[in-house]
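Undergrad: Each chain is listed here by its residues.
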Amino acid sequence: MTRSRYLSVVRKVGVILITLLGLLTMTFVIGRLMPIDPVLAVVGPDADSSTYEQVFREMGLDRPIWVQYQYYLQDMLSGDFGRAILTGYPVVSDILRVLPATIELASVAILFGVGLGVPLGVYAATHRGRLGDHLTRLITLFGYSTPVFWVGMVGLIIFYAWLNWAGAAGRIGFAFDGMFTQYTGFYLIDTLLSGNWEAFVSAVRHIALPALILGLNSVSFIGRMTRSFMLEQLSQEYIKTARVKGLSERSVIWKHAFKNILVQLLTIVALAYGGLLEGAVLIETVFAWPGFGQYLTDSLLMGDMNAVMASVLFIGLVFVFLNLLSDALYKLFDPRTR
Amino acid sequence: MNVLSVERLNVTFCTDEGDKHAVRDVSFTLNNEKLAIVGESGSGKSTVGKAILRLNSPSTRVTADTLRFKETDILTCSEREIRALRGQHISMIMQDPKFSLNPVVTVGDQIAEALRVHRRISKRQAREAAIAMLQEVSIADPEHVYGQYPHEISGGMGQRVMIAMMVIPEPDIIIADEPTSALDVSVQQDVLNILNRLIEKKNISLIFISHDLNLVKKFCDRVLVMYGGRVVESIRADELSNASHPYTRGLMESLPSLRHRRETLPVMTRDPAWLTQEPLT
Chain C
1 MTRSRYLSVV
11 RKVGVILITL
21 LGLLTMTFVI
31 GRLMPIDPVL
41 AVVGPDADSS
51 TYEQVFREMG
61 LDRPIWVQYQ
71 YYLQDMLSGD
81 FGRAILTGYP
91 VVSDILRVLP
101 ATIELASVAI
111 LFGVGLGVPL
121 GVYAATHRGR
131 LGDHLTRLIT
141 LFGYSTPVFW
151 VGMVGLIIFY
161 AWLNWAGAAG
171 RIGFAFDGMF
181 TQYTGFYLID
191 TLLSGNWEAF
201 VSAVRHIALP
211 ALILGLNSVS
221 FIGRMTRSFM
231 LEQLSQEYIK
241 TARVKGLSER
251 SVIWKHAFKN
261 ILVQLLTIVA
271 LAYGGLLEGA
281 VLIETVFAWP
291 GFGQYLTDSL
301 LMGDMNAVMA
311 SVLFIGLVFV
321 FLNLLSDALY
331 KLFDPRTR
Chain X
1 MNVLSVERLN
11 VTFCTDEGDK
21 HAVRDVSFTL
31 NNEKLAIVGE
41 SGSGKSTVGK
51 AILRLNSPST
61 RVTADTLRFK
71 ETDILTCSER
81 EIRALRGQHI
91 SMIMQDPKFS
101 LNPVVTVGDQ
111 IAEALRVHRR
121 ISKRQAREAA
131 IAMLQEVSIA
141 DPEHVYGQYP
151 HEISGGMGQR
161 VMIAMMVIPE
171 PDIIIADEPT
181 SALDVSVQQD
191 VLNILNRLIE
201 KKNISLIFIS
211 HDLNLVKKFC
221 DRVLVMYGGR
231 VVESIRADEL
241 SNASHPYTRG
251 LMESLPSLRH
261 RRETLPVMTR
271 DPAWLTQEPL
281 T
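Here the protein sequences line up with chains C and X, keeping their order.
Position one of the first sequence corresponds to residue 1 (this note's numbering), numbered consecutively onward.
Position one of the second sequence corresponds to residue 1 (this note's numbering), numbered consecutively onward.
FYI, nobody ran anything at the bench for these hints, they're computed from the structure.
Warning: the hint list may mix true and false statements.
[To be verified] Derived pair list, reagent style BS3-like, types lysine-lysine, alpha-carbon separation capped at 30 Å:
#, chain 1, residue 1, chain 2, residue 2
1, X, Lys-217, C, Lys-12
2, C, Lys-255, X, Lys-98
3, C, Lys-240, X, Lys-217
4, X, Lys-123, C, Lys-255
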């Protein structure tokens with residue numbers, strides 16, 4: 001390893017540490033600014049004042065703010081995120097339990113986002129200025145600017161209430177609950193592994209609508225970005241070279257132009273995936289999807305600060321991780337950065 | 001028979017600000033020879049090159065009484081026919097290898113691809129042919145260079161890769177659009193020598209687009225001088241010093257010389273009448 005390479009790794013680790021510290025600090029500040037009395041959430045509204053005082057001191061709230069901050073950092077760094085009031089379990093195990101539902105939802109959504117967004121963007125770029133391009137831009141503008149909870153409601157009315165295509169609330173029909181082994185926590189996989197075909201169909205019917213609606217945003221985002229990346233590449237000289245060689249338009253687009261946007265595309269897909277975890281907070285509420293978003297919402301409404309802060313921290317960590325991942329992918333796929 | 005015939009070629013760029021008539025009534029034929037097209041920037045010389053390969057953008061209007069490669073009418077043939085023509089019969093060497101090579105594909109694969117488009121051969125055969133071709137453009141260690149990316153090689157090497165890529169399907173015509181103007185002066189001559197050796201060996205006709213009169217005088221057989229989208233004079237390269245058109249003469253006189261000291265280079269005077277006269281031959 002050369003010296004400059006070594007330095008760049010050191011710098012990268014430094015940046016991550018600073019980001020994490022910033023994240024912890026932000027979460028702490030948010031915790032203090034929230035108009036929720038954390039003591040009241042623990043002791044309940046009927047507790048007498050001496051109990052209240054006791055808990056107040058136990059939580060360290062009588063100490064100066066910087067001491068509280070120090071305790072908070074110590075707890076976080078030793079992996080102690082406290083217990084959730086709502087469930088009584090440690091927050092970490094709560095999050096790990098609800099996470100598969102959200103990852104499953106977000107993954108199906110991102111598959112939809114990439115599967116539709118990328119071809120749409122490429123189509124718009126190669127038909128620039130024509131009707132198809134204008135239509136694509138209109139649709140993606142709509143998809144990008146419409147709030148996900150609104151589309152969720154409308155989707156429920158149409159596909160559940162009127163057409164009865166979609167399953168109702170939750171991840172799977174009640175009849176199938178506990179009827180298959182939970183190998184991975186992802187129902188689409190678990191039902192298949194258990195060989196329970198009907199349960200699989202039920203899981204598909206339940207996930208389809210929320211995932212499509214959640215993915216609508218990524219379709220639009222990925223589609224618009226793909227379009228502009230492709231337009232930039234299609235105006236390059238090497239595209240002319242490819243045409244001079246006698247390549248078909250399809251090869252010019254996919255083998256030459258598209259290969260050049262792959263790296264940028266991976267980056268925005270990683271970001272879009274992070275965005276989906278956020279979007280899940282809303283969509284899970286609308287569809288009663290028992291995932292991370294609903295856990296966060298419930299904890300928030302309960303004033304369960306341990307759960308809320310750990311969840312916020314977790315979302316931050318996911319974004320840091322996704323950014324690192326896209327950096328690594330850059331190195332892997334772009335020969336110029338090697 | 002002429003390999004390429006062009007009669008009254010006109011190219012107009014249609015833009016929102018109005019039409020720009022970039023090429024006006026250009027006529028010439030190409031046989032087995034090295035034909036230069038010279039002119040200032042904006043004189044339409046590159047546009048002529050593009051039109052021959054039908055590479056102009058959709059918003060460009062191209063018309064001609066004749067624009068034919070052997071039996072094929074370039075203006076009216078199908079998309080499939082023009083693709084079969086490109087690369088296999090007429091190809092083009094572009095100006096700057098920094099931009100004209102795909103940055104994320106190895107140079108070897110780019111050369112091999114040029115062959116695989118037109119021949120039914122295996123990947124391995126194409127690879128071997130590409131390596132042999134790299135050797136022909138005087139690249140040492142072609143096996144290693146095959147796997148390199150464009151940013152890893154120098155400009156002179158990049159242009160040799162470009163030449164290899166355009167020569168490998170053994171076309172009848174190569175259009176070279178200022179192939180050395182982006183290169184270091186020290187490697188320009190090497191690249192030209194390689195190009196010259198290959199087109200003579202493989203019997204390829206050349207259209208050499210340039211603004212360098214001195215270069216053209218030595219390198220080509222015949223010269224078309226373009227001004228304002230028109231051919232003002234067509235002349236044998238060795239006759240350039242005796243050119244009769246005032247524009248050509250003006251260009252020749254503006255050249256500095258290593259042998260004779262010249263106090264002031266003359267400023268060109270341009271006559272609007274040149275835009276309407278028939279070309280001198």
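Undergrad: Compare the structure with each hint and give your call.
TA: Evaluation of the provided hints:
1. Lys-217(X) <-> Lys-12(C): violated, 57 Å
2. Lys-255(C) <-> Lys-98(X): Between Lys-255(C) and Lys-98(X) the Cα gap is close to 19 Å, so the pair holds against 30 Å.
3. Lys-240(C) <-> Lys-217(X): holds, 29 Å
4. Lys-123(X) <-> Lys-255(C): holds, 16 Å
This entry does not satisfy hint 1, going by the numbered hints stated previously; all others are met.
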